[in-house]
Each structure stands twice: as C-alpha cells, then as structure tokens.
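Colleague: Here's the letter readout for the chains.
Number of protein chains: 2
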Amino acid sequence: MKKINLQQISSKISNYWSPGIVAEMNDYQIKIVKIKGDFVWHHHKKTDELFYVIEGKMSINFLDSSITLNKGELFIVPKGTEHKPSADEECVIMLIEPRGVRNTGNASGDLTSANDIWI
Amino acid sequence: MKKINLQQISSKISNYWSPGIVAEMNDYQIKIVKIKGDFVWHHHKKTDELFYVIEGKMSINFLDSSITLNKGELFIVPKGTEHKPSADEECVIMLIEPRGVRNTGNASGDLTSANDIWI
Chain E
526 MKKINLQQIS SKISNYWSPG IVAEMNDYQI KIVKIKGDFV WHHHKKTDEL FYVIEGKMSI
586 NFLDSSITLN KGELFIVPKG TEHKPSADEE CVIMLIEPRG VRNTGNASGD LTSANDIWI
Chain Y
526 MKKINLQQIS SKISNYWSPG IVAEMNDYQI KIVKIKGDFV WHHHKKTDEL FYVIEGKMSI
586 NFLDSSITLN KGELFIVPKG TEHKPSADEE CVIMLIEPRG VRNTGNASGD LTSANDIWI
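So the sequences go chain by chain: E and Y.
Count the first sequence with the numbering used here and you get residues 526 to 644, in order.
Count the second sequence with the numbering used here and you get residues 526 to 644, in order.
Chain E with its partners taken away, still in its complex shape:
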C-alpha cells in the first residue's frame, strides 16, 4: 500500500509508447505512458480503455473524427472503436484497462510492447 505521484513516477520512463504498470485495482491495471508522435491504428475488441492526461496534450484520432485531450482531461475509448493516439510534443498519460491488454490491440508491429512491466 503506497501512494503514487503520477508526475514524479513518469520520470522513470525513458521509452515512448511503452506502458509501465504502477498499480492494480482488482483485475485492472493503472499504467503510465510517455508518448510522442503517432501510434498505430488499432482497437481493443473486449474492453473500453481509459485515457487521462497527466502532462502535455494528446490527440486521439477516430475513423471519422478526432479529439484533443489537455492536461487534466479524461476520455474513455469504447471497446471495438478503431483509434490512433498521437502527440506533437512529449505527453504523459495514465491508462486504465484490464490486466493483459496489449497496447496495440488487434494490430502488431514495432510499437507492440510487453504488457507486464512494472515501474
């Protein structure tokens, strides 16, 4: 039982698009991710995904729209929804989703990350 300062713990992350787990709530994981540039188009077939911006600004692109999230803003991507996160400048976000979810969802490629790394 220890508290987590979301901004401070992000200093432990060096690679972009590599989620680090900081806590678990039941079978859900709280992950911190540093992002910059474009991620890949993907969806998560079985689960919604919570995005929360800790520092900076990001966009989530959908097939027919996009949304910009600023620091302190939260958004839930519904399950099955094709999306592509991106950030012009470095941005730190929190993700919450069930244990075992792969960052690239149905897609794969170089940005697919291990999904069991604690920081």
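Source of the hints: derived by calculation from the structure; they are not laboratory data.
Any given hint could turn out to be false.
Any copy, or any two copies together, can satisfy a pair, since identical chains are not distinguished.
[Stated by the list, open to error] Only pairs whose alpha carbons sit at most 27 angstroms apart, straight line, appear in this in silico DSS-like list of lysine-lysine:
1. K528 to K596
2. K604 to K582
3. K571 to K537
4. K582 to K537
5. K561 to K582
6. K571 to K604
7. K527 to K604
8. K596 to K537
9. K527 to K596
10. K561 to K527
11. K570 to K537
12. K528 to K604
13. K596 to K582
14. K570 to K527
15. K604 to K561
16. K570 to K609
17. K596 to K561
18. K582 to K528
19. K571 to K528
20. K609 to K528
21. K527 to K609
22. K570 to K528
Using the hints provided, position chain Y relative to the given structure of chain E.
Modeller: Quick look at chain Y alone, frame taken from chain E:
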C-alpha cells in the same frame, strides 16, 4: 464519447461526500467527489477502490496507520481494508470502482449516498 475535465466538472457538485458519476469503463464507474471533514469508517468487502486527488489534500486513515494524498497522487485501498477518508479543507477527488458500490461500504448512516447519480 466526450472528454471530461476533472477540475471543471467538480464545479457541478455542491454536497460533500456525494459521488457523481462522470464516465463508465466496462462495468467500472469514474466518480468525482467533493470532500471535507471526516467520513465514516468502512470497508468494501468485494472490491479495491482507486483514489486520486484532483485538487487539495486528503488523508485516508487505517486502523494502524494513515496516509496523506496530495494533488496528483493516486492510491488503491485494497478490498476488505477498513478505512476512513478525511480532509481538513475542501478537497476534490476521483474514485474508480465497480458499478453499484456503496460509498459507505459495510457501514451506513447519514453519509450513505445514492450511487447512481450522474453529473
């Protein structure tokens, strides 16, 4: 699908200790709560509970210890753990827990709140 600014939405809350739901992720709910003073001792038998401080400072008292959470800090209270949240000054927090969880857990009393209020 709309984004939520956690600080701005808290202005819609007038009563202390009355959680307002702002989003759902699968069968979990994201709730905003304004708190001040002491809550009641209680536990949640079947679920962990995520606390995140949006504005201000709070404490969570346990039977043999306590922890202070500042703005930007996150803490998971494990299921079954007796706890009593408190705040000397007004504080705004986000809670995440499964749909249907009662704020006073196994306890009851005047601070028991409806758990299906959206804001």
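Colleague: Does each hint fit the structure? Answer for all of them.
Modeller: Going down the list of hints, with the structure as the test:
Both within a single protomer and between protomers do K528 and K596 lie at most 27 angstroms apart by alpha-carbon distance, with minima of 21 angstroms and 12 angstroms respectively. Within a single copy, K604 and K582 get their C-alpha atoms as close as 23 angstroms, which meets the 27 angstroms cut-off; across copies the closest is 34 angstroms, which misses it. In this assembly of identical chains, the alpha carbons of K571 and K537 never lie at most 27 angstroms apart, being 30 angstroms within a copy and 32 angstroms across copies at closest. For the identical chains of this complex, K582 and K537 are neighbours both inside a copy (20 angstroms) and across copies (24 angstroms), given an alpha-carbon limit of 27 angstroms.
Taking the shortest alpha-carbon separations for K561 and K582, only the intra-copy value of 10 angstroms comes in at or below 27 angstroms, while the best inter-copy value is 31 angstroms. When the C-alpha separation of K571 and K604 is checked against a cutoff of 27 angstroms, the pair qualifies both within a copy, at 6 angstroms, and between copies, at 25 angstroms. For the identical chains of this complex, K527 and K604 are inter-copy neighbours only, at 15 angstroms across copies versus 31 angstroms inside a copy, given an alpha-carbon limit of 27 angstroms. With identical chains, the CA atoms of K596 and K537 are at most 27 angstroms apart both within one copy (19 angstroms) and between copies (20 angstroms).
For a Cα distance limit of 27 angstroms, the shortest separation of K527 from K596 qualifies both inside one copy, at 24 angstroms, and across copies, at 15 angstroms. With identical chains, the CA atoms of K561 and K527 are at most 27 angstroms apart between copies only, with a shortest distance of 23 angstroms across copies and 29 angstroms within one. For a Cα distance limit of 27 angstroms, the shortest separation of K570 from K537 qualifies neither inside one copy, at 30 angstroms, nor across copies, at 34 angstroms. In the homo-oligomer, the alpha carbons of K528 and K604 lie at most 27 angstroms apart only across protomers (16 angstroms), although the nearest pairing inside one protomer, at 29 angstroms, exceeds that limit.
In this assembly of identical chains, K596 and K582 lie within 27 angstroms of each other by CA distance both inside one copy and across copies; the values are 6 angstroms within and 19 angstroms between. Proximity of K570 to K527 under the C-alpha cut-off of 27 angstroms is restricted to the inter-copy arrangement: shortest distance 20 angstroms between copies versus 32 angstroms within a copy. Only within a single protomer do K604 and K561 lie at most 27 angstroms apart by alpha-carbon distance; the minimum there is 23 angstroms, versus 36 angstroms between protomers. In the homo-oligomer, the alpha carbons of K570 and K609 lie at most 27 angstroms apart inside one protomer (15 angstroms), although the nearest pairing across protomers, at 38 angstroms, exceeds that limit.
Both within a single protomer and between protomers do K596 and K561 lie at most 27 angstroms apart by alpha-carbon distance, with minima of 15 angstroms and 25 angstroms respectively. Taking CA atoms no more than 27 angstroms apart as the test, K582 paired with K528 passes in both settings, with 25 angstroms inside one copy and 13 angstroms between copies. Proximity of K571 and K528 under a CA criterion of 27 angstroms is satisfied inter-copy only: 21 angstroms between copies versus 30 angstroms inside one chain copy. For the identical chains of this complex, K609 and K528 are inter-copy neighbours only, at 16 angstroms across copies versus 31 angstroms inside a copy, given an alpha-carbon limit of 27 angstroms.
Taking CA atoms no more than 27 angstroms apart as the test, K527 paired with K609 passes between copies only; the shortest distance there is 16 angstroms, against 33 angstroms inside one copy. For the identical chains of this complex, K570 and K528 are inter-copy neighbours only, at 21 angstroms across copies versus 32 angstroms inside a copy, given an alpha-carbon limit of 27 angstroms.
Hint violations for this structure: numbers 3, 11, all remaining hints satisfied.
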